[in-house]
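Undergrad: Take these sequences, add in the hints, and give me the full structure.
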Amino acid sequence: MKQIIKLLSVIIVSAMVSCNTAPETKSDSTTETAAPAGGQENVSDDVSQKDVAKVAVSSKDHTTLVAALKQAELVTALSNAGPFTVFAPTNAAFDKLPAGTVEGLMKDDKKENLQNILQYHVTLSALDATSFTEGQVLGMVNGDNVTVNIKDGKVMLNNSATIVASIKASNGIVHVIDGVLLPPAKK
Amino acid sequence: MKAIQLKNIALVSVVVLLGMGGCKPKNAASAVDAGAAAKAYVAPGKYDEFYNFVSGGFSGQMSVYGLPSGRLLRVIPVFSVDPEKGWGYSEETKPMLNTSHGFVPWDDLHHTELSQTNGEIDGRWIFANGNNTPRIARVDLSTFRTNEIIEIPNSAGNHSSPFITENTEYVVAGTRFSVPPDNVNGDVPINTYKKNFKGTISFVSVDKTSGNMKIAFQLLCPGVNFDLSHAGKGPSHDWMFFSCYNSEQANTLLEVNASQKDKDFILAVNWKKAEEYLAQGKAKKQSVKYAHNVYDEKTHSATSTIETEVQVLDVKDFPDIAYFIPCPKSPHGCDVDPTGEYIVGSGKLAALIPVFSYTKLQAAIAAKDFIGNFGGIPVVKYESALYGEVKKPGLGPLHTEFDGKGNAYTSFFVSSEIVKWNIKDLKVLDRVPTYYSIGHLCIPGGDSRKPNAKYVIAYNKITKDRYLPTGPELAQSAQLFDISGDKMQLILDFPTIGEPHYAQAVSADLIKTKSVKIFKIEDNFNPYVSKGEGQTKVVRTGNRVDVNMTAIRSHLAPDNIEGIKIGDEVYFHITNLEQDWDVPHGFAIKGSVNAELLIMPGETQTLKWVPDRVGMFPMYCTDFCSALHQEMSGYVRVSPAGSNTKLLFSTGKNLPAADSTGTK
Numbered sequence: 001m002k003q004i005i006k007l008l009s010v011i012i013v014s015a016m017v018s019c020n021t022a023p024e025t026k027s028d029s030t031t032e033t034a035a036p037a038g039g040q041e042n043v044s045d046d047v048s049q050k051d052v053a054k055v056a057v058s059s060k061d062h063t064t065l066v067a068a069l070k071q072a073e074l075v076t077a078l079s080n081a082g083p084f085t086v087f088a089p090t091n092a093a094f095d096k097l098p099a100g101t102v103e104g105l106m107k108d109d110k111k112e113n114l115q116n117i118l119q120y121h122v123t124l125s126a127l128d129a130t131s132f133t134e135g136q137v138l139g140m141v142n143g144d145n146v147t148v149n150i151k152d153g154k155v156m157l158n159n160s161a162t163i164v165a166s167i168k169a170s171n172g173i174v175h176v177i178d179g180v181l182l183p184p185a186k187k
Numbered sequence: 001m002k003a004i005q006l007k008n009i010a011l012v013s014v015v016v017l018l019g020m021g022g023c024k025p026k027n028a029a030s031a032v033d034a035g036a037a038a039k040a041y042v043a044p045g046k047y048d049e050f051y052n053f054v055s056g057g058f059s060g061q062m063s064v065y066g067l068p069s070g071r072l073l074r075v076i077p078v079f080s081v082d083p084e085k086g087w088g089y090s091e092e093t094k095p096m097l098n099t100s101h102g103f104v105p106w107d108d109l110h111h112t113e114l115s116q117t118n119g120e121i122d123g124r125w126i127f128a129n130g131n132n133t134p135r136i137a138r139v140d141l142s143t144f145r146t147n148e149i150i151e152i153p154n155s156a157g158n159h160s161s162p163f164i165t166e167n168t169e170y171v172v173a174g175t176r177f178s179v180p181p182d183n184v185n186g187d188v189p190i191n192t193y194k195k196n197f198k199g200t201i202s203f204v205s206v207d208k209t210s211g212n213m214k215i216a217f218q219l220l221c222p223g224v225n226f227d228l229s230h231a232g233k234g235p236s237h238d239w240m241f242f243s244c245y246n247s248e249q250a251n252t253l254l255e256v257n258a259s260q261k262d263k264d265f266i267l268a269v270n271w272k273k274a275e276e277y278l279a280q281g282k283a284k285k286q287s288v289k290y291a292h293n294v295y296d297e298k299t300h301s302a303t304s305t306i307e308t309e310v311q312v313l314d315v316k317d318f319p320d321i322a323y324f325i326p327c328p329k330s331p332h333g334c335d336v337d338p339t340g341e342y343i344v345g346s347g348k349l350a351a352l353i354p355v356f357s358y359t360k361l362q363a364a365i366a367a368k369d370f371i372g373n374f375g376g377i378p379v380v381k382y383e384s385a386l387y388g389e390v391k392k393p394g395l396g397p398l399h400t401e402f403d404g405k406g407n408a409y410t411s412f413f414v415s416s417e418i419v420k421w422n423i424k425d426l427k428v429l430d431r432v433p434t435y436y437s438i439g440h441l442c443i444p445g446g447d448s449r450k451p452n453a454k455y456v457i458a459y460n461k462i463t464k465d466r467y468l469p470t471g472p473e474l475a476q477s478a479q480l481f482d483i484s485g486d487k488m489q490l491i492l493d494f495p496t497i498g499e500p501h502y503a504q505a506v507s508a509d510l511i512k513t514k515s516v517k518i519f520k521i522e523d524n525f526n527p528y529v530s531k532g533e534g535q536t537k538v539v540r541t542g543n544r545v546d547v548n549m550t551a552i553r554s555h556l557a558p559d560n561i562e563g564i565k566i567g568d569e570v571y572f573h574i575t576n577l578e579q580d581w582d583v584p585h586g587f588a589i590k591g592s593v594n595a596e597l598l599i600m601p602g603e604t605q606t607l608k609w610v611p612d613r614v615g616m617f618p619m620y621c622t623d624f625c626s627a628l629h630q631e632m633s634g635y636v637r638v639s640p641a642g643s644n645t646k647l648l649f650s651t652g653k654n655l656p657a658a659d660s661t662g663t664k
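Taken in sequence, the protein lines are chains A and B.
Position one of the first sequence corresponds to residue 1 (this note's numbering), numbered consecutively onward.
Position one of the second sequence corresponds to residue 1 (this note's numbering), numbered consecutively onward.
Be aware that one or more of the hints could be misleading.
Straight-line Cα separation of at most 25 Å, BS3-like style, residue types lysine-lysine; simulated pairs [claimed, not checked]:
id	chain 1	residue 1	chain 2	residue 2
1	B	424	B	263
2	B	427	A	110
3	A	54	B	461
4	A	111	B	392
5	B	392	A	186
6	A	111	B	427
7	A	111	B	487
No lab work stands behind these hints, which were simulated from the structure alone.
In this text the structure is predicted, and so the values were computed from the model without any measurement.
TA: Here it is, written out as structure tokens:
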């Protein structure tokens with residue numbers, strides 16, 4: 001019996017904790033970028049083509065990205081009409097960053113930095129892999145630019161990440177990349 | 001012990017469930033708190049506090065809602081035919097939809113703009129733009145009817161319209177799609193855009209008394225896409241500001257090619273200066289062709305006139321009429337705050353919102369602080385015109401309205417939210433999600449000098465799970481937020497017709513007392529009016545038959561008509577003899593390849609009918625008017641071409657005499 005109660009207490013506590021991390025912080029998150037509440041990602045629809053957010057969620061190679069998108073409160077935006085081109089670094093790409101980088105960015109007080117980096121992976125307009133050209137400059141959602149290079153038939157971004165696969169989504173396209181794009185340092 | 005155990009477990013489960021409940025994402029249902037219903041509630045029989053005039057987008061019409069209830073009060077037909085009201089089907093209204101291309105039964109109505117005096121809404125008229133076949137319409141707010149439509153020549157996609165100056169001196173029309181002007185050969189390769197395509201902005205003057213519109217002058221500008229605009233106010237009264245995108249001058253795949261530059265422009269136009277040049281005779285007269293359609297409330301009918309000339313000022317020849325201000329990333333909304341000092345450009349791909357200062361702009365112009373020119377128009381240095389930037393406000397800023405208390409409310413399409421920010425310190429104060437993908441937003445008087453900031457209304461593009469599903473196409477919607485406090489509070493969703501773009505709202509007090517109840521029958525100057533049943537008649541002129549008919553509860557006069565023949569064109573001119581509020585009569589006849597008429601009290605409207613077969617054709621009143629509405633009907637006998645059936649008409653007696661079996 002004691003054990004049952006103990007177990008239940010754990011569940012209760014964890015429920016409370018998750019409450020604290022979610023809606024409770026909303027009141028002071030009003031000055032941050034993304035909408036504080038859920039949006040189209042909560043629409044139940046198993047028939048329509050997956051949006052870019054759902055494409056990422058359904059990939060086992062993108063669990064880090066998805067966790068980061070959630071932490072940065074960008075899932076709602078990416079579930080909207082777009083159209084988006086999302087450069088989606090794989091888990092392995094995130095693993096290439098210096099140890100502790102991702103963990104650091106996932107902290108609440110680094111949310112703006114995380115948003116800045118993730119928004120640097122999104123541009124408005126659905127660009128399929130064939131539409132990229134050598135030297136093309138893409139204006140990303142965070143306000144900075146990404147430069148495209150074509151090397152040996154492969155599309156490279158900022159000479160640091162290569163598109164390894166492309167998945168069409170309902171509201172755009174997801175290009176899987178093997179590196180994380182880092183926005184230029186702020187002047 | 002066992003009982004206690006179970007009880008404990010049950011208790012714990014309840015706690016867990018409650019805990020879980022609190023963790024649900026704050027979406028749809030939980031974003032609305034308990035007080036919301038009361039705030040949107042207007043008791044049966046009570047009036048709403050505001051009229052909300054909402055564009056119908058691809059419906060081509062304008063809808064009128066009451067706020068805060070969200071009740072639909074009326075759909076005003078503007079650019080699209082409306083068989084329900086006979087709009088575009090009656091002979092009297094057909095000319096309203098005439099254009100230089102002929103009769104156009106549809107358009108795409110994007111923006112509504114209430115007339116103003118001294119920068120405040122005056123409740124006289126509301127203007128609307130036709131986006132596809134460029135036109136501006138004026139709706140009279142005493143009748144809620146479209147009284148005038150003017151076509152815009154040298155234009156192709158009248159999106160940057162129908163925004164007005166502070167005293168409704170002008171309603172403007174900037175072309176979204178640049179094209180070769182109408183007077184040159186447009187049969188050129190599309191890829192000669194940079195050379196051959198021009199963007200025009202029209203200033204359409206509005207007569208102070210009648211409201212009648214006239215194209216005063218056009219500004220010929222380089223080929224770009226003019227998107228939206230707003231007039232200066234107070235100190236900036238003489239200026240009009242237009243956002244433009246595609247300064248890349250791309251002509252294909254604009255999705256990519258018009259998003260190349262870091263900055264496009266806001267065009268600042270000194271229209272007073274343009275007026276001076278016009279007065280000096282410096283404008284060039286250009287031969288064009290455009291329709292100007294006016295509805296006359298005395299004759300209850302419209303006339304369409306084809307105009308043939310406009311006066312054009314080529315802006316590059318007049319360096320002090322217009323200036324470009326660089327504005328980040330494809331600006332969409334271009335909004336001026338109530339003081340007239342701050343101009344807000346919303347770059348739909350920008351990560352910030354620039355706020356320009358009118359004072360700084362003037363100083364920069366005086367100091368010729370230019371970084372070059374674009375198409376012959378000086379480009380002011382960005383920093384020199386900039387008051388400041390709202391940093392990281394949200395994703396995809398589109399439009400801004402103002403509360404008159406120093407705050408701005410901007411809609412964000414990509415992040416689907418409204419963000420409230422302070423104009424002075426550029427700090428974000430509050431944000432609320434919208435469901436889903438907001439386009440325009442509206443605060444009553446929110447683009448005037450005197451906002452009445454009780455509510456902000458979001459006009460959303462996508463509703464998905466917000467209403468019961470209705471197949472692949474769902475209603476688009478408005479969402480009403482109470483903004484009387486520091487935080488925005490969602491209080492109501494209501495569906496809208498077509499696609500709502502811009503909307504305006506105004507205190508009902510300004511309009512409701514002026515509403516026309518009836519048209520006085522003695523003031524009816526329609527050439528086919530019957531001011532009493534004694535004046536009704538049926539007149540044949542060759543194969544044209546005019547039926548001057550009356551409608552009153554509960555009969556048509558005449559209600560028996562014989563002698564109509566195949567090959568005839570029959571015009572039913574129905575005068576509604578009622579002089580009582582809210583008693584229209586309708587009129588329809590079997591097999592008519594036309595619509596019904598809906599005739600207001602004291603009005604005359606005409607339905608053209610070309611019978612296609614011999615036989616008996618019932619006609620009746622379509623608007624339930626009285627206890628004997630079902631009796632309000634009649635017959636028209638149609639005989640073969642060349643038959644000698646006599647033309648006869650009657651009400652209440654048989655002509656020819658009863659039991660007549662026919663003519664042969």
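Undergrad: For which of the previously enumerated hints does the structure constitute a violation, in increasing order of number?
TA: Violated: none.
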